[in-house]
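**Q** Next come the chains, spelled out residue by residue.
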Amino acid sequence: MPRARRLQPAAEWTEIASTAADWKAADPALLATMLGQLHLIRAFEETVLELAGEGLVHGPAHSSIGQEGGAVGSIAGLRSADGVNGSHRGHHQFLAKALTHVTKGRLSPAELVTPEVAEVLRRTLAEILGLAQGYCAGRGGSMHLQWLEAGALGTNAIVGGGVPMAAGNAWAQKHAGRLLHRGDAPPAPPDMDLTVTYFGDGAVNIGSVLETMNLAAAWELPLAFFIENNGYAVSTTVGEATGEPRLSARGTGFGIPSYQVDGMDPLAVHLVMEAAARRMRSGEGPVVIEALVYRFFHQNGPFPGSAFGYRTREEEAAWRARDPLDRVAAEMSRLGLIGEEGIKSVRDQAREAMREAAAALVEPDPAAGGTGGPHGASPRGGTAHKPGARRIRPGLWPDPAFVDVGIRGDAAELAGARTAEEATFGGEASRGKFIDAVWRVMDRRMTADERIVVLGEDVHKLNGGTNGATKGLAGKFPGRVLGTPISENAFAGLGGGLALDGRFRPVVEFMYPDFLWVAADQVFNQIGKARHMFGGKNPVPLVLRTKVALGSGYGSQHLMDPAGIFATSPGWRVMAPSTPFDYIGMMNAALALDDPVLVIEHVDLYPSEGDIPAGDLDYLIPFGTAAVRRPGRDVTVLAYLSMVEQARIAIERTGIDAELIDLRFLDRASLDWETVGASIRKTNAVLIVEQGSLGTSYGGWLADEVQRRFFDWLDQPVQRVTGGEASPSISRVLERAAIARADEVAAGLERVRAGFGAGYQGGGSR
Amino acid sequence: MATVVRMPSVLAGAAEAAIARWLVGVGDAVTVGAPVAEIETEKALVEYAAEESGIVGRLVLAEGEAGEVGDPILVLVSTAETDADIDKALGKAPTAGTQASRGAASGSERSFGRSGEPEAAAVTTEGGGPGGLVATPQESRIFASPLVRKVAAEQGIDLAAVEGTGPNGRIVRRDLERLAATPPRSPAPAPDRAAAGTAQPGVSVADGAALADGALVAGTGRESPAGGRLIPHTPMRRAIARRLSESKATVPHFYMATDCVVDELLALRGRVNATVAGKTVAGKVSVNDFVVMAAAGAFADVPEANVTWSDEGLIAYGNVDISIAVATDGGLVTPVLRDVGAKRLSQVAREARDLAQRARDRRLAQREIEGGVLSVSNLGMYGTLEFSAIINPPQSAVLAVGAARPQPVAADGAVSVATVMRCTLSVDHRAIDGALAARWLAAFTARMQDPLGAIA
Ligand SMILES: Cc1ncc(C[n+]2csc(CCOP(=O)(O)OP(=O)(O)O)c2C)c(N)n1
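Those protein sequence lines, which keep their order, are chains L and H.
Residue numbers for the first sequence follow numbering that gives the first Met the number 0, beginning at 0 and rising by one.
Residue numbers for the second sequence follow numbering that gives the first Met the number 0, beginning at 0 and rising by one.
Keep in mind that the hints were calculated from the coordinates and are not lab data.
Here the structure is a predicted model, which means the values were calculated and not measured.
It is possible that some hints are incorrect.
Computed cross-link-like contacts, EDC-like style, restricted to lysine to aspartate or glutamate with a CA-CA straight-line distance of at most 20 Å [what the hints assert, rightly or not]:
1. L:Lys681 <-> H:Glu153
2. H:Lys149 <-> L:Glu355
3. L:Lys681 <-> H:Glu369
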């Protein structure tokens with residue numbers, strides 16, 4: 000019989016409840032502020048439901064009615080520089096943060112609605128209605144509320160999706176002091192800003208959340224994981240979804256001190272948050288707070304959950320009896336801080352403020368009441384004609400022309416930068432390997448720009464990661480080269496949060512491109528979309544490095560070329576250098592740019608040699624320019640990365656007078672149409688060359704764009720060279736058969752030659 | 000199940016062919032591979048073998064009768080079939096008539112199969128196997144690349160007359176270029192070409208690869224109704240015809256003439272060409288170069304004349320761009336000298352010589368023949384005394400320059416002999432009124448007669 004010894008989790012796990020003494024000891028101004036916020040949020044949510052009932056809210060309106068206590072209790076004491084983010088159900092947190100920001104954390108029950116408060120209510124409502132004056136210019140709507148100035152980092156429609164980004168914000172808060180710290184003076188005792196990330200009981204089971212808990216604990220980030228456990232994910236109960244329904248237990252698995260608290264008691268939540276904040280601000284790391292709350296309505300819309308049969312009216316009535324608004328009012332009147340009148344006045348002021356906010360945005364529908372007429376067309380369609388119906392004030396909609404504005408920046412930040420091209424570079428240069436250009440330019444940039452932080456798996460060891468791409472950096476830049484746990488979603492998202500914060504420039508490395516699928520939510524839903532989705536203004540400067548490893552024998556799950564997926568995902572810029580000289584200038588451009596940039600490397604290029612300028616690692620390759628590597632008259636060959644060289648070999652072999660263009664900047668917004676177009680007008684034939692498999696390939700969208708832009712200049716179909724349909728296998732023979740190299744490019748050139756017809760004179764095979 | 004057999008594309012590029020001799024008659028049973036007819040083009044006589052078996056139901060063409068490629072020549076039937084079935088098969092199949100109604104192309108049609116060899120007749124199996132009904136309409140369509148279609152439309156090239164050698168018989172850029180490089184099959188009637196007193200659009204495919212006469216209909220000259228010989232049009236000729244007809248029909252021309260006394264000009268030219276530079280071919284200046292310089296000078300003196308008409312408004316130019324008419328084998332080409340006002344005589348001479356040479360070599364780029372305000376057309380070297388020319392749209396004037404000849408002139412009451420050159424200006428009245436044109440012409444004359452300004 001083996002011997003058993005009971006082990007204990009290292010982290011504390013505590014349930015916290017308020018006492019009468021706590022209420023008595025609480026600052027009356029705090030209680031008044033919480034009461035005011037609770038009522039403003041409740042009135043706001045009632046207005047949203049009312050407008051939703053009238054069909055004026057496009058899309059879902061996830062009401063937070065019943066859950067206000069958790070948000071207000073945890074946020075009322077925060078600084079403006081503290082960050083919060085949340086989920087699809089995030090109106091209450093956004094409002095609490097915005098109101099705390101504009102009122103500096105103090106609301107007066109006698110005069111609840113200051114002009115600043117009214118503006119927050121109106122602009123938040125406008126955002127939810129999708130109107131131009133909203134915080135995100137109407138783009139975000141109910142589920143994407145962002146106001147960075149107030150520390151509202153952006154709510155998220157992907158369950159758990161905002162959590163990794165919050166970790167990035169917390170990382171920036173933890174390390175921002177280093178940027179300010181100068182000289183030999185000892186750093187002051189830490190008093191960090193902190194971040195609270197809110198999510199529901201459903202989100203506790205998703206990888207983003209769990210990965211981030213692990214990462215935040217490992218890196219001791221000032222981040223509170225705030226679980227709003229309302230008992231249901233849509234209609235699925237907590238008990239159905241997990242074997243440990245005490246959700247704060249999750250924290251202890253990661254060594255994170257965890258609390259459970261009654262979320263219907265705002266003061267209890269506040270007290271937990273005070274304790275948690277002390278820990279976070281002093282640099283001891285994250286906390287988990289589980290607040291037990293209840294949403295009085297269904298997932299969205301104005302009906303109770305019981306109407307859908309997944310819970311009972313008795314259960315709802317029991318929770319309604321514990322309404323956080325009533326709880327605070329009752330405690331305050333018990334303490335003599337407010338009377339019946341005062342409470343009613345708070346409620347009335349809040350409702351009146353919302354009436355005004357709504358009136359500024361909607362108006363009586365002229366088509367209502369059966370009068371009809373062509374001018375009253377309401378966006379909600381058929382039900383618009385009931386008497387008393389309202390409509391959005393037509394002038395308030397965003398301009399439809401705004402639809403694609405701000406997907407990315409305009410690259411104006413690169414204006415005036417010094418550029419250089421290998422072909423015309425006059426300075427001294429020495430031969431060097433591509434891989435050396437990779438670490439040398441990063442070394443140079445990290446020396447010059449202390450904002451740059453490198454993160455990825457094993458980047459800090461093995462003398463520069465698995466390929467030597469970060470050689471020497473970890474030793475030279477302590478704390479700025481971060482070896483991550485294997486959790487691509489969490490560390491990519493952390494990079495995204497860092498980028499959104501703006502004080503640091505994250506350089507994230509994916510060891511292999513296929514891992515983008517593991518991190519796809521953060522890469523595409525978050526990083527790629529964040530700028531546009533939140534209104535098009537707030538930049539997301541992040542560099543993602545990865546290497547194409549086609550030919551290396553790593554098989555089906557390591558050997559994709561990510562260019563196609565990124566080029567077709569809005570928000571990302573994509574760069575693919577083919578020489579050491581270009582790598583330096585393009586990495587400099589990527590790091591200077593205020594957009595997310597994927598910089599693709601290729602293992603075949605790492606040992607290749609080229610000119611590396613001596614003592615000048617600061618130039619940029621002129622942004623958005625392709626390079627004509629070989630002029631020619633017969634066909635325009637478009638290639639990138641290692642395929643530039645493969646295409647050059649194939650061209651020489653076939654003897655076809657091809658113009659070889661190294662695209663370099665691959666995404667839709669950065670591609671050099673001028674150079675490509677001039678070449679196509681000359682050659683009238685196009686061959687797009689890439690190495691990887693067909694399905695996710697890059698050339699598809701490019702071929703489409705080429706034929707639409709240059710149809711009248713084409714003398715034959717746009718031809719393409721790609722790998723096979725399947726992802727390459729490990730077997731050497733099968734892998735070779737699955738990818739494209741010079742032979743396949745030559746075959747492509749022959750297809751082009753067949754398209755020349757009998758009149759073609761040039762280029763017999765050599 | 001009547002089967003229509005169509006005129007095969009016996010010879011790549013031949014749009015039509017004739018039945019020289021039928022080797023079968025109505026009622027004969029035909030098996031696959033059996034010879035059914037001798038088919039003749041201008042180049043070849045080939046025996047044509049059946050692709051399908053059946054009984055000959057009807058010979059659609061008589062011996063000696065020609066048909067376009069794709070026209071029905073013979074109908075094969077099964078025993079049970081009647082004349083009505085044959086009519087139905089012929090009626091349903093696309094006929095030459097419906098093909099000819101396609102677009103603005105000439106009547107000559109061809110089908111594009113794999114090029115080169117005598118190839119299978121296009122066979123339509125009425126109600127039969129898959130592909131039959133689909134294949135025929137496709138084959139009767141002309142396949143040409145987008146680029147070729149654009150160039151053909153711009154230059155009035157009849158694609159029906161061009162052999163496609165790209166995939167699926169597609170006409171590709173190099174097919175046009177190949178035609179351009181091939182000399183015309185019928186001798187070009189040179190005299191009536193060179194004298195067209197104005198410009199026509201140059202002909203060029205992308206990036207200066209020029210095309211011209213070669214795009215002749217690849218047939219023999221046919222008898223015209225009047226008994227003369229019909230010389231098929233070249234694309235260039237069509238383009239000249241179209242542009243100039245349009246100009247004459249839509250641009251209200253008026254004309255005015257001037258006599259320029261050019262003794263001083265000729266003397267100056269002699270001196271220039273006697274300099275060291277002038278002794279080289281590259282350094283020589285022509286009388287026409289002086290004319291171009293004088294015209295540019297006149298625009299400097301009368302800038303209001305530097306305009307062209309458009310429906311939206313007059314377009315006024317800062318630079319003076321002047322075309323020079325160059326006679327080439329294929330017809331007249333008018334390359335444009337840019338910003339002449341800013342250039343020295345020697346530079347204008349050099350550029351004009353280069354443009355003229357490249358025009359003759361058919362190596363001009365499209366952009367080099369576009370734009371300009373005025374063309375200078377000089378037939379003086381042929382001894383032409385005077386002529387008037389048709390404006391080359393969108394330009395607003397053309398200056399027709401005659402020969403310089405010694406003539407008696409009266410000056411200060413005395414008659415003396417001077418060398419006189421008559422220049423006739425054709426003007427677009429929509430853009431330029433008579434008085435303005437007169438002022439310009441006076442300025443031009445003054446410049447011609449005081450040529451030092453051209454080299455100062
Ligand atoms: C990744 C992902 N899966 C599913 C959804 C659809 N969805 C939206 S809200 C929701 C329930 C979330 O439940 P919970 O996290 O408990 O939050 P609550 O709605 O209770 O506030 C689901 C399944 C989503 N938005 N994102």
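**Q** Now look at each hint and say whether the structure bears it out.
**A** So, going through the hints one by one against the coordinates:
1. L:Lys681 <-> H:Glu153: holds, 18 Å
2. H:Lys149 <-> L:Glu355: Given pair H:Lys149, L:Glu355 is violated - Cα atoms ~62 Å apart, limit 20 Å.
3. L:Lys681 <-> H:Glu369: Given that 20 Å is the threshold and the Cα spacing comes to 18 Å, the pair holds.
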